[in-house]
Amino acid sequence: MPSEKMLMRGAHVVGEAAVRAGCRYYFGYPITPQNELPEYLSSRLLEVGGTFIQAESEIASINMVIGASVSGGRVMTSSSSPGISLKQEGISYLCGQELPAVIVNMMRGGPGLGNIAPSQADYFQATRGGGHGDYRLLVLAPASNQELAEVTFDAFDLADKYRNPVMILGDGLMGQMMEPVIFRDPIDPKELPPKDYILDGCKGREPRAVFSMLLDPPTLYQHNMKLQKKYEEITAREVRYETYQVNDAELILVAYGTASRIAKGAVNRLRREGFRVGLFRPVTLWPYPKEALRTLARGGAKIGVFELSVGQMVEDVLMSVGSTSEVYLHGIPGGPIPTPADVAQFALSVLKGDGLVGRKVEI
Amino acid sequence: MSSTALKKLFSRPESLKPNMTHYCPGCGHSVAHRLVAELLDEMGLREKTIGVAPVGCAVLAYNYFNFDMVEAPHGRALAVATGIKRVHPDKFVLTYQGDGDLAAIGTAETIHAANRGEKISTIFINNAIYGMTGGQMAPTTTVGLVATTTPGGRDPDRDGAPIDISQMLAVCQRTVYIERCALTSVKNIQKAKRAIKKSFLVQLNNLGFSLVELLSPCPTNWKMNPSDAWKWTESILTKTYPLGVIKDTSGLGDVR
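So the protein sequences, as listed, match chains X and F. Anchor point for the first sequence: position 91 equals 83 in our numbering, and the numbering is continuous, going up by one each time. Numbers given in our numbering equal positions in the second sequence, counted from 1, plus 3.
Bear in mind the hints are in silico, worked out from the structure with no lab data behind them. Each residue gets a CB set at the ideal place from its N, CA and C atoms; glycine is no exception. Where hints are given, some of them may not hold.
As the list claims (entries may be wrong) - Only some residues are given here: those of chain X computed to face chain F with a beta carbon under 10 Å: (1) Ala47; (2) Ser49; (3) Gly82; (4) Ser84.
Make a model of the complete structure from these sequences and hints.
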């Protein structure tokens, strides 16, 4: 049966949900602000007979993930922005070799060392592929500890289903924030469906080779087109989003993760004052919920994008709504966290058209 | 049947696929592949082996080895192998890496896997040059050797000194067995086979990390004929990298 309601820190929620989802292998390298996750797993995985290795680097840890994944284990790594940059080569290989894995990025401010404050500035890196080659990650952006538990659980299933890495994109605030959470029933990893591609010694079968080097141009072409077909299937099936007070909205705020919590506060505040404002929150950043947003935009509302980066997700919003709606952006780089009052001011500025907060953006 | 029926003395090991390799004439990779394959057959390990191929000339090793294999990103074979061994502690895990892969871009992964005492056997092919990419300097390139990026010969003041990775790894407490051999004469090749066997036994006995370094000719990039390359390996390369057991705390004694 599901767990009792527990008060937990976000990073611990991810760790507990991962173990309950059958993850038995974790490889990582410390970086603030996500260290509470590997610290939690270093003892929790021992309890369930799993493996925790503090690797010598982010690069080593993502390659240990490759090894564990190709061996059939449910495996996870986590990091924060500069560490995720280092993992990108391995993420590209996971995609090329079609290996499942769950990668957590609790984003901090950048570029470079930046700071450890909450940020959403890795949006491009997560959704466009920070490594080389034509590939995509499923990117899940929860907005509460309960949702963090849900998406962590689902991430392992999605990774296995599509033989593709899945990224959970949070930020420093989400990792540290304590909220109540109820976990799903644990899974016994031994009862998961067998995988027909893994390496476990060729006893009783032909040897297998897992590789991504395809020197023959038509072969690489076919492989990439096969991957694209998979990405199209994911796009058709796995889009997730939430809407809040959008039905009669004159202005729809678009925000994800921590920013959406702030935006929701702004919506509540403005609704109390009689303004018709709603919220559209993508949960999957890739695939982006384009159709849903486009349909909403056709209702005639203006769109106000609020993100903790200076203008990254707004490109997906523009690609979704085209010229159907006017699109405004309030983009804040890592560091100061705006309040609901700040976002409400942005919303009012858009509604009044005074241009005092945010700016209009066009394709 | 007559009493003079022929006895089969030599054939292709089951652990090798019947594929023609892409290796150059006189290259040591073919010999090293053969030794590994013979031993996996002889020791009954083929069906429990998971191998990790490197980048570089041996990147296509999975086209030649007839057991489960995965390809690792540049230098990361021992990190990938770590992940494999931790999922399958009961399987036999092997990395096969060249000097560019293991001693340059993958130095960190090599040292730390060894230092963790991962129960993995590593075959380290040292030909003192980057082969696949066309003959550039490797960290193992000897002083004075001309590579495409050391036109006047390797100069330690400009290019640094050759790295003796086996000696470096011997310092790590959790390495159990390290030996350097050369793929030159029949005698040396037989020695190499015994060393690889011992390395395999170290893993089978759950003792820790082991590595066999094989000095290997690269006639193409050294711009020598195969015969001269073999001679150069034995007479010159061994001056920088002397042959012999570098570390052995296995307690396994002589292996035949």
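Hints, one by one, checked against the model:
Interface hint at X:Ala47: satisfied, since its Cβ lies 7 Å from the closest Cβ of chain F, which is below the 10 Å cut-off. With a least beta-carbon distance of about 6 Å to chain F, the hint placing X:Ser49 at the interface is held under the 10 Å criterion. Taking 10 Å as the C-beta cut-off, the interface hint given for X:Gly82 holds, the closest approach to chain F being about 6 Å. A cut of 10 Å between beta carbons decides the hint on X:Ser84: the least distance to chain F is about 8 Å, and the hint holds.
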